[in-house]
Every structure is written in C-alpha cells, then in structure tokens.
Amino acid sequence: MYTDKVMEIFSTPKNVGELKDANGIGNVGNASCGDIMKIFLRIENNIIQDVSFLTFGCAAAIASSSAATEIIKGMTVENALKVTNKQVVEALGGLPQQKIHCSVLVEQAIKAAIADYKTRL
Amino acid sequence: MKNANKIYFDHSATTPVDREVLKQMLPYFSDTFGNASSVHGFGRSAVSAVDAARCKVAEILDVSPKEIYFTSGGTEAANWAIKGVKLTEKRNRIMVSAIEHSAVLAAAKQVKKDGAELILLPVTSEGFVQPSSLETLINEQTALVSVMLANNEIGTIQPVKELAKIAHKAGAYFYTDAVQAVGSIVVKPRELGVDMLSLSAHKFYGPKGIGVLYIRAGTHVDKLICGGHQERTMRGGTTNVPLIVGLAAALEKAAENQQDNLGKVSKLRDYFVRGVEKNIPYVIFNGSMKNRLPQNANFSFDFIEGEALLLLLDHAGIACSTGSACSNESLEPSHVLLAMGKSSEKAHGSLRFSFGIHNTKKEIDIAVKVLAEAVAKLRSYSPLYHEFCKEVNHVHG
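Quick mapping for you: the protein sequence lines, in order, are chains A and B. Following our numbering, the numbering of the first sequence begins with 5 at its first residue and continues without gaps. Following our numbering, the numbering of the second sequence begins with 23 at its first residue and continues without gaps.
Please note: incorrect hints may appear among the correct ones.
Claimed, not checked - Mimicking BS3-like on lysine-lysine, the simulated pairs with C-alpha atoms at most 30 Å apart in a straight line are:
(1) B:Lys191 - B:Lys135
(2) A:Lys24 - B:Lys412
(3) A:Lys18 - B:Lys412
Stated by the list, open to error - Chain B regions said to be covered by chain A (calculated; three or more residues, Cβ under 8 Å):
(4) 58-64
(5) 100-112
Hint data in this document are derived by calculation from the structure and do not stem from the laboratory. Backbone N, C-alpha and C fix where the C-beta goes; we use that ideal spot for every residue, glycine too.
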C-alpha cells in the first residue's frame, strides 16, 4: 500500500518532538478523524531556522509530517507558505489516494504555524 | 517470502492450510479431477468425494447432510442468508446486530435499498447483543434476525440460543454468521436453534474460497447463485471438489483436537494479555473477557493510531490486524468498537491479536517486548501523549 520511501521515513522520521523555543506553532486535525498534527517553528530573520513536529495518526501522517519539516527547514517564511501538499507527496514517492489528506493536513499545519508566528510579531 | 523468524498473530484473518489437509486435497486437482455433475466414472469419483465430505461436515455439526450447502466462502454464505429470505408486505423488516461482519452489513444494506426496513441491534459496552433489546425491537413484521455467533474483532460470543428463540416467537428466521466460531469452539446449529449458519474453511486451517451455509430443513430460502443443478439446485456453479474435501478434512481435524487446541490457544492469549497489561501503560482491553473466543485479544493503545502501530510491528516481523482485515482499505475506525460506545480516538488506536495452534510462549515474549517499544516510539511522536504528560506533571509537580 505504501511506497518504500513512506515506510523508510515513517520508521525513522526526522525532526520529531517539541521545539522548546518555537515562535510559531500550528495545530490542526482532530482525534475523531484519526489525525492531529502540531508543527513547531523557530523563525529568525524571516528564515525557518528550526522546525519540528508531533503527530497522532497513521504512517502516512507521520511520514508526511517528517517530509514537510525537511522541505521547509531553512526556507523563508514566504517560500514556506508556497509549499503545497503535492511537494510533500512527491517527497514521499507518492501516497495512496485515501491518504492524500495527510499531506493536505501538513500543508495546513505549516500555514497555521506561520500564521501563529505572525500574530506574535 | 520466507516466514522464518516472523510471528503470525492474525489467525482470525486467516490460517495456514494444515499440511495433512492439503495432502487430502491434492488428488482432486489433477487425478480425480472429474466434474461432479458428470454421469461417467470420472464424475462419479468426484461425487463420492463430495458426498463423503458433506456427510462428515453434517456429522460434526450434528445436522443432516441435506442441510449442508457448499459456497465459495463466508461472504457468499452471508449474502445468501440475508438476501435469500423472502420479504413480503407483511414481513419486511430485517434486524442485524451493529457489530456484524461487513459481509452481513453490506448485504443487509442492499436489502434495505431494495425496500426492506433495516434495524441495527445495539450492543453493550462489553460487546454483546442483549436479548432484551431484541425483544423490544422485534415485531411481527420481522422476517429475519442476524446475529453473529462470535465477533471477528473482539471475539465476544453472542447469546445466539436465546436470541433465536425470541426471533422464532415473532415468526422470524434466525441466521448466525459462525465464521469466527467454527473450529474454535463447539458449534451445533440444532442446539443453537438457528435456521441458518455459515462457516468458512480458511479460519480453521482449511483452504480459502470454500464455506458452508447450513439451512435447516423446511426453511424457505431463495437461491443466490443461479446456474446448474448443483447443491440440489440451490447453488449453481461447478462443484469445487478439492476445496470441499479440504473443508471437511480441516473441520474433522479441528473437531478431533478441539479441546486441546482451545486450551492451548486460550493459555497463549491469556499469557499475552497479562504481558501487555504488565508492560504497557494506558492500554484498554476491548470487549468482555468472559464468553470470548479463546484466540482473540483486542487492545486500544491510548494516544496513538492503530495502523501506524501495526506497521511498526510488521516491520519487526509481527503480524496482527487493526479491526478486521476486510476494513483496512477504509479510514473509518472500527464499527464494532464505535457500537460499543468507544470514542473514535480509542477505536482508531485498536489492534487485534489472534492466536493459533502453532504459536509459542516465546513468540509472545518477543511480541510483548516489540509492542512495548513500538507503542513508546509512537507515543513520543504523539501530541496527545505530550499534552497528557504535561497535565500529569502539572498535577504532580
């Protein structure tokens, strides 16, 4: 069902955990749908210096979160806002149709974290 | 794929074909290959094998061979039972339990689409249909009541005997899906008092693609599959001789070893349950421990999702399942756990472990250790677990 890439990222995800000095946090999803994603950003000089995630969900949700954090690390805020779920899916070598929503959710989590950062400015 | 070092705890999904059973089946593929409908000697050899198998199955179930109909498996048998009962203007209601297998639920929904009234029977938080709730909901318009003998996800054994009596009092037929139960516990349709009962060979070390619908003599059921005159004109399709031979052989072996197997498997299951409860915090055992199939354990692991856990276990060579194997393509949480009143979150976090006669204590020791590690790993990713730990620290801090 999953690509080898999804399984590899899911088994050894990057950037897991809570970022203590985060200045932007995005929290999307709910437990009844089976997915919750929390993205932590530390943004300095408009650059995403550090990023981490916590995810409750299936393998696709965890792999999508990990892949997305790797994509946006080091990006400017503007570029991170342009990251789409398609890029996440590509980084995973594809997702089954019924799991595409995981990549959409992580895109929303990034946008929510940046919005949170902006409210703190 | 080699299975060495792999651990299989998914016997409710399917079991390996017993090698002696396979041996008995093999001659009927290429040697005694005749069509059981043919008049010549090739056909007669096939017929006598099928007759013998039918008699063996009937003897074990303690019913007449004329009440045994071979089908392509449990799903066909369930569809036949549900769709075969004639509905009339006066009897247009069918009642099925909320925790039936998807084969029954989907067939019932189709009958509803064709105009029947469909009532879902609720279950208790322990996973049982209460006779009193059937008594309340049944009426003279009810044509059929369907309650499984044992649930495939949580293994609860339903009070079918009592339920069948209530159905009959209202003049309705009673069907029980016994796919999970047969081979595991003693099942006698007449003692249960049911009109129809289905079973499937691959759940008890027989081949896939073969099942039985028992139809009590005198029960008015239409055929599902039209065709030739096979199965006393009730089920068209060339008689599947090797699989029928395999089903009977597997059922015979299961019946002979029933007590030993039940004792062995339930001991393994109980050992596993103790291991999990001792080594993993925030775990809920789903369903009653009483009146439960000996092979079944079902847990919800708080703060994490079942599929992710299943894949980590699979990665470590341990096979189990989330809910039923049949619902894996869907994203919906287990309808069984939801019917028991569990939250979606808990239903999402559930795993079923089903043990078999070849499992060992050593495998369980390994599995408990791997499971504890996998649960801890996924919890370390989970925002729900992090929040929970903060709250606990706050309270105790």
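The hints, checked one at a time:
no.: 1; hint: B:Lys191 - B:Lys135; verdict: 27 Å, holds
no.: 2; hint: A:Lys24 - B:Lys412; verdict: 13 Å, holds
no.: 3; hint: A:Lys18 - B:Lys412; verdict: 23 Å, holds
no.: 4; hint: 58-64; verdict: violated (count 0)
no.: 5; hint: 100-112; verdict: violated (count 0)
Taken one by one, the earlier hints fail for this structure at numbers 4, 5, listed in ascending order.
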